[in-house]
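Residue numbers (my numbering), protein chains in the order written: chain A, 1 to 409; chain B, 1 to 115.
Source of the hints: derived by calculation from the structure; they are not laboratory data. Nothing false has been slipped in among the hints.
Derived DSBU-like pairs (lysine-lysine); straight-line CA-CA distance at most 35 Å:
| no. | chain 1 | residue 1 | chain 2 | residue 2 |
| --- | --- | --- | --- | --- |
| 1 | A | Lys375 | A | Lys313 |
| 2 | B | Lys28 | A | Lys313 |
| 3 | B | Lys2 | A | Lys343 |
| 4 | B | Lys81 | A | Lys349 |
| 5 | A | Lys165 | A | Lys105 |
| 6 | A | Lys157 | A | Lys67 |
| 7 | B | Lys28 | A | Lys379 |
| 8 | B | Lys28 | A | Lys348 |
| 9 | B | Lys28 | A | Lys356 |
| 10 | A | Lys399 | A | Lys307 |
| 11 | A | Lys313 | A | Lys343 |
| 12 | B | Lys2 | A | Lys387 |
| 13 | A | Lys387 | B | Lys81 |
| 14 | A | Lys349 | B | Lys2 |
| 15 | A | Lys382 | B | Lys28 |
| 16 | A | Lys375 | B | Lys28 |
| 17 | A | Lys182 | B | Lys81 |
| 18 | B | Lys28 | B | Lys81 |
Partner residues aside, some chain B positions facing chain A, computed with beta carbon under 10 Å:
| no. | residue |
| --- | --- |
| 19 | Lys28 |
| 20 | Thr32 |
| 21 | Trp33 |
| 22 | Gly35 |
| 23 | Ala38 |
| 24 | Lys42 |
| 25 | Phe43 |
| 26 | Thr46 |
Label pairs and their computed distance ranges (CB to CB):
| no. | chain 1 | residue 1 | chain 2 | residue 2 | range |
| --- | --- | --- | --- | --- | --- |
| 27 | B | Pro18 | A | Asp256 | 48 to 56 Å |
| 28 | A | Glu263 | B | Pro12 | 41 to 49 Å |
| 29 | A | Asn164 | B | Gln93 | 52 to 60 Å |
| 30 | A | Thr59 | B | Tyr114 | 53 to 61 Å |
| 31 | A | Thr108 | B | Gln17 | 52 to 60 Å |
| 32 | A | Gln172 | B | Thr55 | 49 to 57 Å |
| 33 | A | Val309 | B | Leu27 | 22 to 30 Å |
| 34 | B | Ile62 | A | Pro331 | 44 to 52 Å |
Backbone N, C-alpha and C fix where the C-beta goes; we use that ideal spot for every residue, glycine too.
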Amino acid sequence: MKENQLISNLFRNEFSKIVSVLVKHFGFRHMENAEDIVSETFLSAAQQWGVHGIPDNPTGWLYTVAKNKSKDFFKRDHLFQEKISKEIQRTSDHQYELEIDLSEKNITDSQLQMMFAICHPSLAPEAQVGLALRILCGFGIEEIANAFLSNKETINKRLLRAKNKLRDNNIQMEFPPEDEIKSRLKSVLSTIYLLFNEGYHSSTQKTAIRKELCAEAMRLNLLLLEVELTNQPMCNGLMSLMCFHASRFDARQNADGEIILYEDQDRSLWNSDLIKRGEFYLQNAAKGSHLSKYHLEAAIAYWHCQKEVGEEKWEHILQNYNLLLQLEYSPIAALNRTYALSKSGHSKKAIEEAEKLKLNNNHFYFSLLGELYLKVSKKKAKENFEKALLLVKTEQDRKVIEEKIRVLN
Amino acid sequence: MKEFMLIFRHIPNPAYQPSPEEMQEGLKHWQTWIGNIAGQGKFIGTNELSEEGKTFNKQGVISDGPYAEVKEIVGGYFLLKAESLDEAIELSQGCPILEYGGSVEVRTIVQRDYE
Chain A
1 MKENQLISNL FRNEFSKIVS VLVKHFGFRH MENAEDIVSE TFLSAAQQWG
51 VHGIPDNPTG WLYTVAKNKS KDFFKRDHLF QEKISKEIQR TSDHQYELEI
101 DLSEKNITDS QLQMMFAICH PSLAPEAQVG LALRILCGFG IEEIANAFLS
151 NKETINKRLL RAKNKLRDNN IQMEFPPEDE IKSRLKSVLS TIYLLFNEGY
201 HSSTQKTAIR KELCAEAMRL NLLLLEVELT NQPMCNGLMS LMCFHASRFD
251 ARQNADGEII LYEDQDRSLW NSDLIKRGEF YLQNAAKGSH LSKYHLEAAI
301 AYWHCQKEVG EEKWEHILQN YNLLLQLEYS PIAALNRTYA LSKSGHSKKA
351 IEEAEKLKLN NNHFYFSLLG ELYLKVSKKK AKENFEKALL LVKTEQDRKV
401 IEEKIRVLN
Chain B
1 MKEFMLIFRH IPNPAYQPSP EEMQEGLKHW QTWIGNIAGQ GKFIGTNELS
51 EEGKTFNKQG VISDGPYAEV KEIVGGYFLL KAESLDEAIE LSQGCPILEY
101 GGSVEVRTIV QRDYE
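Based on the sequences and whatever the hints tell you, model everything.
As structure tokens, then:
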């Protein structure tokens, strides 16, 4: 039992490291072989450790076995044989040795390069998230299928297509050139954020899976912060944002998985350690002059984590939404901004502005209008909640709105 | 959707020296007005122009500020999307420059297809 727990912890940490190093060594052409080699390594660990006990240095054991399995595999591999024989012909050194570099530095570099490769702009966002879960987080196909509410076959196809693309587009395991770092990092961050949101906002999955997705997204972001090249303000901004969001994870759902609205949350359930970490990363994000959407979203989340109530807090939130919408429009940001406008002491103006948004297919739009009308006209509030009810997609949202109407009646 | 440019004009008042708090309030006022337009997904871009500048023609520099002959200066511009000139004017309502005694000129941007 002890071995199993250790192996599954090691798997989460070491799978992506070894696969990344192997792919860096052998190329994307051998990505699936690399996955197989690492899976077999863990299988051996499970068999041998169960019989002989856990070795003194479990990670070292894994690296040695993975190296040996790689050598065995590639010796058998026909294409590789051909490559080697050419290599031998070309180089005067006949002592060609297959040396796989599992040093700390090469592991870190390979993992980060794998992140850049997987988040390459030529791959579709859902392919990026799927590959990230498989290669960087070591998720099994079934786990990924569960996370996406899909089936194994679909996920397998999706991953295969993505891997083919990596190979066919000749994407390299390397750091992007200096002048591309920012734009490529943006792509990496948006995949990490997508992964986090998959866990944070999906209301139909088991809490354990959702928490794990959030934790994995945060772990990947931490990798970026460990290296100078990628420890950039916007990466700290996203880390801060995720800490603030995660701090309210337990407060925003009840035991039955129903959503608890922000105003009704039990603030003692907010995780103060995560809030402090969020503040730490937000300070790191404040270096430099570049203002990214993650800075703004983190600032908004920061103010949401403040327990004070009052117009001033919401004025801060409003101002950050004003800037966020100038950087990038999104209907949710527009709706949330109007809510902040209302809470910062402009409740009439907020209704006026909200009605201009005309997001008539969005149940959040009508829920928001219902909320904004509460103080002004109960009749109008109810009408809007009823319209929202016609558009809801999840059972959880339906319950929240039905409760609003019940209170009004 | 067409694109429009709003040109903000005002008469500079050197005697007006706002306190940091007043500047902060003014900035919030502008940002919230911009946010109203950005919230409708109709914001393209905006810039404030400093009072420093020069105007010249073929004969050379004809004025040191942008405001040697006209009393009003252009203080900034704003690009937005709207269905019509009327809608662009509608969106411009509530622009803070109006409260400072300035004006907004709304102009349709000529669209050319270069493809």
